[in-house]
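Residue numbers (the UniProt record's numbering), protein chains in the order written: chain A, 1 to 276; chain B, 1 to 276; chain C, 1 to 276; chain D, 1 to 276; chain E, 1 to 276; chain F, 1 to 276.
Everything labelled a hint here was simulated from the structure, so no lab data went into it.
Where a beta carbon is used, it is the ideal one built from N, C-alpha and C, also for glycine.
Hints are supplied without guarantee of correctness; some may be wrong.
[Unchecked claim] Restraint-style ranges between C-beta atoms, simulated for each label pair:
#1 179/E <-> 82/B: 56 to 62 Å
#2 65/F <-> 128/E: 24 to 30 Å
#3 177/F <-> 174/B: 29 to 35 Å
#4 195/A <-> 188/E: 54 to 60 Å
#5 194/A <-> 9/E: 24 to 30 Å
6 protein chains.
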Amino acid sequence: MFPGATTDREAASYVVVGAPLDATTTFQPGTRFGPDRVRRFAETYDDYDRRTDSRFSALGVNDAGDVRPWDDVPAYLDHLAAELRSVVYDESVPLLVGGEHTVTHAGVEAVDPDALVICDAHLDLRDAYDGNPLNHACVTRRCLDDLGVDRAVIVGARTGSEAEWDRAADADVEVVAPEDAREWVDGLDGDAFAGETVYCSVDIDGLDPAYAPGTGTMEPFGVAPRTVRDLVRAVAPRADGFDAVEVNDRDDGQAAALAAKLLREFAYSHAAATTE
Amino acid sequence: MFPGATTDREAASYVVVGAPLDATTTFQPGTRFGPDRVRRFAETYDDYDRRTDSRFSALGVNDAGDVRPWDDVPAYLDHLAAELRSVVYDESVPLLVGGEHTVTHAGVEAVDPDALVICDAHLDLRDAYDGNPLNHACVTRRCLDDLGVDRAVIVGARTGSEAEWDRAADADVEVVAPEDAREWVDGLDGDAFAGETVYCSVDIDGLDPAYAPGTGTMEPFGVAPRTVRDLVRAVAPRADGFDAVEVNDRDDGQAAALAAKLLREFAYSHAAATTE
Amino acid sequence: MFPGATTDREAASYVVVGAPLDATTTFQPGTRFGPDRVRRFAETYDDYDRRTDSRFSALGVNDAGDVRPWDDVPAYLDHLAAELRSVVYDESVPLLVGGEHTVTHAGVEAVDPDALVICDAHLDLRDAYDGNPLNHACVTRRCLDDLGVDRAVIVGARTGSEAEWDRAADADVEVVAPEDAREWVDGLDGDAFAGETVYCSVDIDGLDPAYAPGTGTMEPFGVAPRTVRDLVRAVAPRADGFDAVEVNDRDDGQAAALAAKLLREFAYSHAAATTE
Amino acid sequence: MFPGATTDREAASYVVVGAPLDATTTFQPGTRFGPDRVRRFAETYDDYDRRTDSRFSALGVNDAGDVRPWDDVPAYLDHLAAELRSVVYDESVPLLVGGEHTVTHAGVEAVDPDALVICDAHLDLRDAYDGNPLNHACVTRRCLDDLGVDRAVIVGARTGSEAEWDRAADADVEVVAPEDAREWVDGLDGDAFAGETVYCSVDIDGLDPAYAPGTGTMEPFGVAPRTVRDLVRAVAPRADGFDAVEVNDRDDGQAAALAAKLLREFAYSHAAATTE
Amino acid sequence: MFPGATTDREAASYVVVGAPLDATTTFQPGTRFGPDRVRRFAETYDDYDRRTDSRFSALGVNDAGDVRPWDDVPAYLDHLAAELRSVVYDESVPLLVGGEHTVTHAGVEAVDPDALVICDAHLDLRDAYDGNPLNHACVTRRCLDDLGVDRAVIVGARTGSEAEWDRAADADVEVVAPEDAREWVDGLDGDAFAGETVYCSVDIDGLDPAYAPGTGTMEPFGVAPRTVRDLVRAVAPRADGFDAVEVNDRDDGQAAALAAKLLREFAYSHAAATTE
Amino acid sequence: MFPGATTDREAASYVVVGAPLDATTTFQPGTRFGPDRVRRFAETYDDYDRRTDSRFSALGVNDAGDVRPWDDVPAYLDHLAAELRSVVYDESVPLLVGGEHTVTHAGVEAVDPDALVICDAHLDLRDAYDGNPLNHACVTRRCLDDLGVDRAVIVGARTGSEAEWDRAADADVEVVAPEDAREWVDGLDGDAFAGETVYCSVDIDGLDPAYAPGTGTMEPFGVAPRTVRDLVRAVAPRADGFDAVEVNDRDDGQAAALAAKLLREFAYSHAAATTE
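Input sequences plus hints: build the corresponding full structure.
Now the structure itself:
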């Protein structure tokens with residue numbers, strides 16, 4: 001159980017769902033161990049959050065456990081989306097823990113947001129990868145083209161194929177380079193995302209590998225943790241869903257500790273905004 | 001390149017083919033790093049083999065590199081089988097390095113043997129796993145039921161589902177428990193496999209985890225390395241194909257060192273028999 | 001949850017209890033991660049056991065989770081013993097997963113056996129260690145001197161202080177050296193432990209470090225896994241409690257995989273005997 | 001021996017004392033290996049320091065080895081304090097290497113400073129943890145409430161319980177958030193700590209986990225190494241004691257390398273100030 | 001093969017040469033695995049580079065494999081220099097991958113530059129180390145004193161012996177402290193290195209250990225990755241040779257990923273400048 | 001300090017000398033960390049030995065620390081031999097801890113034995129390796145051809161070049177295959193080595209990699225630990241010198257724990273024989 005996620009499902013405002021999908025990782029596998037590892041490295045965190053003057057265990061978080069994957073990725077994503085949709089129907093906010101980035105497909109399908117705010121090293125705007133449209137490198141494209149998302153902001157993106165960069169030039173995509181992320185986050189104000197519903201996805205490889213080496217494809221020159229934290233804090237009040245993905249077990253716990261922290265920051269910030 | 005595999009493809013008697021498939025591993029992934037790791041830990045071995053008085057680099061071994069997998073496992077296996085068939089057509093012996101055990105499907109399809117001699121902790125006789133008939137846990141079943149293999153001997157098998165054990169009771173399957181392996185191997189004589197063509201597959205988890213911890217699903221109480229070595233030595237003279245599979249990168253090199261050694265034992269023994 | 005331990009507590013014949021105590025380890029710490037790790041490496045095991053023709057999930061096993069330690073070891077052991085006593089009162093068999101060997105104190109206190117059968121590299125017969133009578137190096141002594149156990153058999157013991165060897169020479173202690181363990185186990189027959197109630201404790205360091213490197217104090221020249229397995233199989237039918245202890249996270253999973261397997265062997269064997 | 005700590009005890013101006021206490025760590029243990037590891041990763045450092053134009057081996061540093069812990073933490077802390085007090089009586093400066101943060105209790109008891117300057121992610125202001133007032137999470141509280149320290153500055157603190165934050169609001173505690181640490185350190189001038197005796201303690205988890213993953217409880221969003229270095233440089237001239245704590249062996253050496261470096265920075269800076 | 005280095009040697013503009021020398025490392029060995037590891041962690045990078053609008057596989061890069069070392073370091077360096085000189089004679093640019101920093105001796109001998117731009121934590125200006133003038137700690141000195149290099153800029157240098165700092169005060173050495181590196185790089189303009197031929201060498205320990213823990217001698221307080229990247233981008237257009245050295249296998253891939261990235265940045269930037 | 005090696009040098013019967021040479025390892029380096037690691041993993045062993053009824057700390061063992069290597073291997077071996085000769089002159093028995101096998105050259109030079117009993121996977125009978133006659137692969141040859149040793153028994157040898165096997169056929173070499181080691185050791189009686197002085201060297205790779213994965217060149221199918229233990233016990237009473245070599249830090253401590261144990265077995269057995 002995610003530490004402090006002690007609320008019953010029926011009474012929960014937030015539901016943690018693990019999605020240990022590890023099917024299409026191109027390089028280093030291990031995202032199947034992500035949810036367990038994120039829960040484990042969250043054990044040391046204080047329940048109390050000074051900034052919001054609230055306790056995580058009092059936010060109404062339930063841990064629904066993992067939705068176990070099988071070989072048929074499209075079927076799994078359907079099943080996962082259904083599970084998450086039931087969370088949404090209960091007027092709870094899903095907090096999805098990957099697994100590879102592909103699981104965001106299910107999160108977005110369930111939440112059905114207008115806008116997607118992503119922290120990611122990669123554009124993930126491929127139409128297909130190795131012939132597979134549901135590869136993790138295609139997930140943002142799927143959300144825009146197939147799932148009805150109006151626009152995506154990709155913070156920290158620093159690499160992609162030529163076709164992906166072309167797609168990124170379209171009006172429905174905004175790319176914020178890692179070097180510009182701090183300023184972009186600082187510029188977010190009350191009007192940002194006004195009138196939009198939002199889904200927030202953190203691919204842990206959006207951060208610099210120094211802070212999160214335990215991920216499938218390290219990409220140097222990434223975003224600093226405080227910037228991502230402040231991004232999550234700024235977006236959470238407008239967001240109806242969150243995920244942290246691409247954590248594996250190939251480091252000393254840095255990536256998992258960070259993902260757990262960002263999930264908690266989302267919950268604290270969302271709760272503080274909605275209970276004002 | 002596998003150390004000593006310096007022969008040109010056209011002139012080769014043996015062709016090493018890496019098949020880093022890592023798609024359906026149930027527990028710990030990493031078999032995608034198997035072929036590289038097996039090649040790397042083979043670097044320390046002497047070229048000369050005292051028992052057969054021959055040099056590995058003089059056996060006529062080519063390293064054809066890896067056949068890179070993609071998401072569509074059935075298509076990949078077809079492609080891999082075609083690649084291996086071209087080896088067989090050239091009257092060379094394929095030495096396949098996995099990758100998960102599923103790649104044996106391609107090896108057997110290419111070699112088309114009468115009998116299959118397998119070292120494995122698991123029966124791999126499932127009809128399907130998670131709905132997937134090409135899962136690694138089904139590979140022996142596929143060979144028997146779909147690929148025309150007449151019989152399979154599974155040395156070191158110590159676990160399986162009830163349905164697998166039922167299937168194992170059929171006349172075309174012989175199970176040699178780890179405890180009986182030494183005696184069974186010692187009992188192999190010149191008449192064993194007489195009149196049969198044979199394919200030899202070593203799933204590294206057939207050995208005890210102490211000797212090969214770097215594998216997807218450790219199963220205690222396994223076979224000792226010398227027994228597997230002697231099995232390979234005994235079967236190689238009658239075999240037209242070999243593979244070593246299920247090595248991953250989650251140990252200190254023991255599994256890869258062993259797989260590399262067994263591949264070499266196969267080649268030395270096969271060559272010694274055919275050149276007599 | 002231990003895989004397959006799906007029975008409700010009230011209906012359970014066996015109750016898995018994790019006791020991640022990691023307070024007095026002399027050398028390499030990490031037993032606090034033992035229970036989680038044992039559960040995790042049990043995930044790959046088939047539910048079905050061929051020898052007993054039974055399914056683990058049908059044996060009636062419940063996983064009661066962990067009893068979390070705190071700094072006061074004596075108080076913790078009291079609390080743990082109370083928890084295990086409630087298992088015994090329900091006529092279930094406790095399957096304790098350590099944690100350091102000290103937790104056996106609680107298991108024995110709850111089960112109150114006549115005889116103790118231990119697999120251990122160390123005699124654990126000290127009266128105190130660093131002034132602490134509840135140190136892991138004293139646990140067998142405590143059971144004999146303080147908890148009313150009539151006799152202890154320590155299989156695989158190969159080291160101790162001079163005072164411990166002196167204590168081991170008393171009539172209530174039998175030491176079976178690793179070299180003699182195979183023969184001793186083979187000699188167990190129906191009359192062994194006749195009229196006695198028994199508790200079975202496996203300190204994973206009783207096995208050779210090759211098979212279980214992930215433990216606090218490796219001691220070479222240990223017992224082979226099959227011997228310990230057969231010991232567990234022989235003792236289980238007469239035993240009312242079982243534990244597997246001293247697994248930490250400082251290896252590639254070998255120790256945890258083995259502990260999980262031995263716990264399962266105990267349950268299969270005990271159930272087969274009691275349902276005959 | 002800490003590299004370069006070649007001075008005899010009697011002639012020493014600084015005495016390195018290892019205190020490998022590893023008793024109350026809440027999450028990942030291993031601080032018992034801290035002192036050895038810090039010494040080992042110091043081996044690569046040049047003896048000469050450009051900034052102060054001095055050699056470490058000429059500063060008069062002795063390495064007194066480790067004070068070995070046992071199970072009775074209060075007794076151990078008394079013993080350690082006595083050992084450190086003998087250093088102070090000899091007019092040497094103790095350089096304590098942990099072990100868990102609890103050992104600072106002994107350092108402060110021996111040095112008896114007016115002010116405590118701490119780098120730490122955690123407030124460590126609990127009155128007790130799991131009922132234990134000598135837990136590592138209580139050490140700053142103990143120093144203030146029991147050991148007569150007048151005030152504490154906690155640089156990099158970013159988490160604590162509600163009660164700890166309340167205690168931190170008292171006049172004798174100053175909390176410098178990680179975001180403000182750079183500016184705070186830059187603002188230290190000659191009048192800082194005027195008329196006060198000071199003890200400086202670096203809990204390595206005060207730094208961001210990217211720089212020191214090998215610690216018991218990683219807490220993201222920490223202080224940068226250069227800021228802590230400059231803090232140490234600024235405080236050292238006014239300090240009579242120093243420690244670096246909470247380094248364990250669960251990373252690739254980053255935490256130990258950093259702790260060793262900061263200890264050296266303290267000695268260089270202290271010596272430069274006192275020899276002016 | 002370095003991913004994308006698919007051009008034939010004859011047609012190549014750039015030639016990757018691995019030099020896995022691991023003979024004189026003072027502390028943690030393993031640079032012998034550097035070239036393989038750098039190639040492996042480059043596998044995840046996109047072929048396309050957005051900034052220069054070019055594909056790595058279209059830059060004309062050949063991978064000539066490794067020049068295998070033997071025990072006689074001077075002879076090896078001669079041989080390596082000859083190999084690299086043949087690259088230079090073919091009007092290609094050598095991209096050397098270490099191996100310890102000593103291999104830069106061969107790179108500089110082959111390229112024969114006027115100026116050397118180095119990123120390094122250490123001055124490497126010793127006349128000899130342990131009596132060996134070809135130790136890795138002497139390589140910059142050798143280039144200046146023996147190989148005819150007119151001047152060296154050492155960016156990120158933060159440690160050295162007193163004699164090294166004295167040598168660094170000579171007119172032919174410029175030291176840029178890590179704290180000043182950002183500004184120094186930003187100040188490079190079109191006139192920098194005008195009229196000079198340049199060789200660029202990146203010792204991965206020039207970066208902070210958080211970003212590259214896998215190196216022989218970690219030295220805290222280092223340069224940030226983006227600064228080194230921008231240094232490489234600025235220098236590449238004027239450079240005729242490049243190396244990335246001192247990567248070993250003692251981390252989770254961070255050092256290798258970074259070295260691979262910097263090598264690519266060099267090639268992209270050099271090609272963009274020369275094809276303008 | 002090796003645990004229990006508390007005797008002053010002048011009074012010592014045995015002197016532990018670390019020789020962390022790591023210069024010519026062909027594959028995985030790290031033997032430089034061998035002596036430290038062997039000492040560290042010896043910490044858990046009981047002082048008392050039941051078989052010989054003696055305490056290690058009462059055997060008169062001194063730990064002289066390490067003789068630090070430098071780049072000039074021949075000069076280092078001379079220096080090390082001088083150091084060990086001073087041990088011999090004092091009528092003490094040197095217990096050398098490697099470092100690579102090359103250090104045996106110094107041990108044999110100092111002890112000047114008639115016979116050499118070696119446990120090793122490799123013949124180490126090359127005349128030179130990469131042109132270097134002092135490579136670790138040549139050490140047994142050097143002892144026989146250059147240092148006046150009359151004969152060598154190599155227990156566990158299973159690989160070598162053709163030239164090495166030819167040299168091994170000479171009258172002064174006896175090779176005992178791993179399969180025959182048990183019987184050979186059991187056959188040693190009081191007349192074995194009668195009238196000969198003996199030096200005993202254990203290359204940890206003589207054992208099977210399952211028991212000692214932390215070594216430079218793993219070679220499967222090795223000797224079991226108990227056989228090597230009994231070899232050491234049998235040879236120790238006739239031996240005037242001992243070494244344990246080729247332990248590195250690339251495992252979880254198994255190799256170091258075993259080497260430490262064998263060194264202790266040598267000392268206990270030698271002392272028991274000489275004090276009878």
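Evaluation of the provided hints:
1. 179/E <-> 82/B: 56 to 62 Å: At roughly 59 Å between Cβ atoms, residue 82/B and residue 179/E fall inside 56 to 62 Å, so the hint holds.
2. 65/F <-> 128/E: 24 to 30 Å: holds, 25 Å
3. 177/F <-> 174/B: 29 to 35 Å: With Cβ atoms ~31 Å apart, the hint holds.
4. 195/A <-> 188/E: 54 to 60 Å: violated, 46 Å
5. 194/A <-> 9/E: 24 to 30 Å: violated, 59 Å
Checked against the numbered hints given earlier, this structure breaks hints 4 and 5; the rest are met.
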